[in-house]
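Visitor: Heads up: the protein sequence lines correspond to chains A and B, in order. All residue numbers for the first sequence refer to this note's numbering, where the first residue is 1 and numbers rise by one. All residue numbers for the second sequence refer to this note's numbering, where the first residue is 1 and numbers rise by one.
Certain hints may be false.
Stated by the list, open to error - Cut-off 20 Å, straight-line C-alpha distance, at most; resulting in silico cross-link-like pairs (PhoX-like, lysine-lysine):
(1) K17/B - K273/A
(2) K540/A - K42/B
(3) K544/A - K51/B
Claimed, not checked - Stretch by stretch, here's where chain A covers chain B in the computed footprint (C-beta under 8 Å, at least three residues):
(4) 54 to 62
(5) 88 to 97
(6) 140 to 152
These are computed hints drawn from the structure, not numbers from a lab. Positions of the beta carbon are idealized from the N, C-alpha and C atoms, including for glycine.
So the chains spell out like this:
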Amino acid sequence: MATLAPTTPWTAGAKDDYRVCNVTTLKVDMHTERLIIANAVMAVVTLVLGGLFALLIALTRWQAIHLLDATWFYRLLTLHGIDMLVAWIVFFEMAGLHFGSTALLNARHAAPKLAWFGWILMTIGGLMVNGVVLFDAKSIVMFSAYVPLKAHPLFYLSYILFAVGALIQVITFFINIVVAKREGKVPGSLPLAVFGLMTAAILAVYTLLEGAAAVVPAFFWSLGWMQNYDPGIYRNFFWGFGHPAQQVNLAAMVSIWYMLAQMTVGIRPVNEKFSRLAFILYLFFINLGSAHHLLVDPGLSFAWKAVNTSYAMYLAVLGSMMHAFSIPAAMEIALRAKGFTKGLFGWLRNAPWGEPGFSGMVMSMILFGWVGGVTGVTIGTEQINMLAHNTLRLPGHFHATVVGGTTTAFMAFTYYVIPLIFRKELKLKSWAKWQPYVYGFGSLLVSLGMITSGLQGVSRRNWDITFAGVVPGTVDLTLAIFGIGALIAVTGGIMYVTIVLVSILTGPRVEPTQMLLLTGTHNPLLESTKLTDRDMELPKNQPKGTLVLVFAFLAWFAIYYLTNWWLLGRTWFIR
Amino acid sequence: MLAPERIWWKPLGRLEKTWLTVAFVWCIFLTLMMPLWYFMGKQNVPTETYKISGADFSAKVNAFVDQYKVGEETLNGVTFPVVAPPAGSDVYLRASAWQWYPILQLEVGKTYRLHLSSMDLQHGFSLQPVNINLQVLPGYDYVATIVPTSTGDFTVVCNEFCSLGHHTMVGKIIVK
Ligand code: HEM
Ligand SMILES: [Cu+2]
Ligand SMILES: [Cu+2]
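Build out the structure end to end from the sequences listed, making use of the hints.
Guide: As structure tokens, this is what we get:
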């Protein structure tokens, strides 16, 4: 791609091959820049594939349209899961890790060659799995590939290549941090965002190792080197990988929330200890979450399921609830300190709603917390899971977390990566202003449509629910909500991809000059450093509005959660 | 994003403390609900499980069908035996791509020990419109002690992807 040619010559190994960003005042190592670009490009490529498949399968599940035949539906569903959940998100996170471990520390990339090797493995794995599933009907096994459903050996090999590649790139994150520390680039503690990314990186190592434990035997088994592979054990290992992988996404997304809040509103974390503690709760308690997916499996005791799913007393949930307070609170204080102190929500009215980094972050927080989090904790409750397991409520939940939440946040962040890292002017700015709303609203309808269909018993991963002859007429309505939401969300996705492509493929390379894209020339990032302790502590700057918001959230959470117990109590007795 | 001040270990503010306490209490409540329901609730996830080979399970299913068969019924072009076991007995439902075998006929308010297992792939037992969902694995005999509390014809949908005919895998339970 000619337009991406570096401006500084490639001198591998040179210690000071960097540029200074005049917006953030950060030093950017040219190796880092190229690695971020490579990972971001693959992320967008896989997002385009996954998004195309999303449109086609959504129009199939919308029973009134029922576009594809069964085989193509299951084939593209398999690829949608892989391209979105695995490829798009992980490639984007790799870009984030390179950024966090070098630019945010003013440090160099200490292992670019190793990182490139990882990127190549990931790219081969990601593209290969698409080929295998497209051309080999036996490999239509869904991304979870539950044993004893047997795919082509190359299917498992692609997974292994991708995972090893990811592991290698994650390892360069740690190498960078260690080298930066040793070279004196980090005099005190790591910045909060890097701390959060480090949580993600540690979780990623653990996750990828457990993934290997599930997939490597499956690879041997598909080659006939291993006779039996117990499906229960496979599920345990697979979700030991699959669920913590979502916590990697979570930690990365929350770090991006902190960054976007600082870049667009100029926050200073209210209490570093509080926020860091919340990340540490993720680290220690979230790994127990694989049980989520095994709650109605045979062979496991109540105690095992309940302890594991309760995250040792929901302490990871507590972590998220802490962030849910600390980020809006920090924004409230920063905005109040600018003089928007009227009433409980005057600061909210005066927030930069036209700035995609802000609106995208808010959309992401609302969808993630109010929809994804609440439904997730509810269906992850041992007994309630019986009502929800493998119904559309499941994809309804994770389309709120990973689509409305993570993807919206990543998209919003991209708009700043384009000027700051790609060093291209952001084009189609007015589209960028609306894109978070379009995409967020579409995702909301997708989620709600799926959840309400699932509540009526419609199962997930099912080409034609009318076979069963039991779906009530109201399902037509809820599936229509879902289908319309899908069209809107896909429109938002197309807007995003168009903005990104037009920006990076046209126009000359320009040095960035300002932080905000649409809402002014001031630089909130630098302003944030000027918030004094006094600003933070002034009574009129206290985050009372946020406290009201989080209590409203808790009320909604309680209503949804208790309603589900009530629903459970009305069904057949079972033990 | 930027490096923190050197000393960031500071006491929490009043609002933070409030929220942290409330959130923590809520988390404890979430945790306690599960054991509470386990001892008091009527709907709990079955845990009784035995390892069993497909052939052994199939033999039990056949013996069960021979013993309690009361008729036949056609479902999606295939004829299935209708089996009416006595209350309190062991009841078998066999999953294989893409059938639930046989059709069961139960009595409302009576207790049954429902055995679920698969002959081949993973399947999903999804009883509709009651909406009870359980995972069915090959090699495992999963025993659910159930009491139907409503009458009518119920459909057993397969809700775990079990290869290309997955959506055609539909069974039936009749409750009188
Ligand atoms: C444009 C927005 C999107 C739409 C309309 C959409 C639509 C769908 C549909 C219709 C399904 C199949 C549900 C079923 O039958 O079980 C699905 C599954 C799924 N989607 Fe999306 N999706 C979108 C975006 C995403 C994104 C961004 C991600 C991940 C980051 C994602 C991850 C998944 C996963 C993991 C599955 C489950 C696949 C499986 O069951 O094996 N989706 N999506
Ligand atoms: Cu099945
Ligand atoms: Cu199935």
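Visitor: The structure should be examined with respect to each hint, and the outcome stated for every one.
Guide: Outcome of the hint check:
no.: 1; hint: K17/B - K273/A; verdict: holds (12 Å)
no.: 2; hint: K540/A - K42/B; verdict: violated (52 Å)
no.: 3; hint: K544/A - K51/B; verdict: violated (57 Å)
no.: 4; hint: 54 to 62; verdict: violated (count 0)
no.: 5; hint: 88 to 97; verdict: violated (count 0)
no.: 6; hint: 140 to 152; verdict: holds (count 10)
In terms of the numbered hints stated before, the structure departs from hints 2, 3, 4, 5, listed from lowest to highest.
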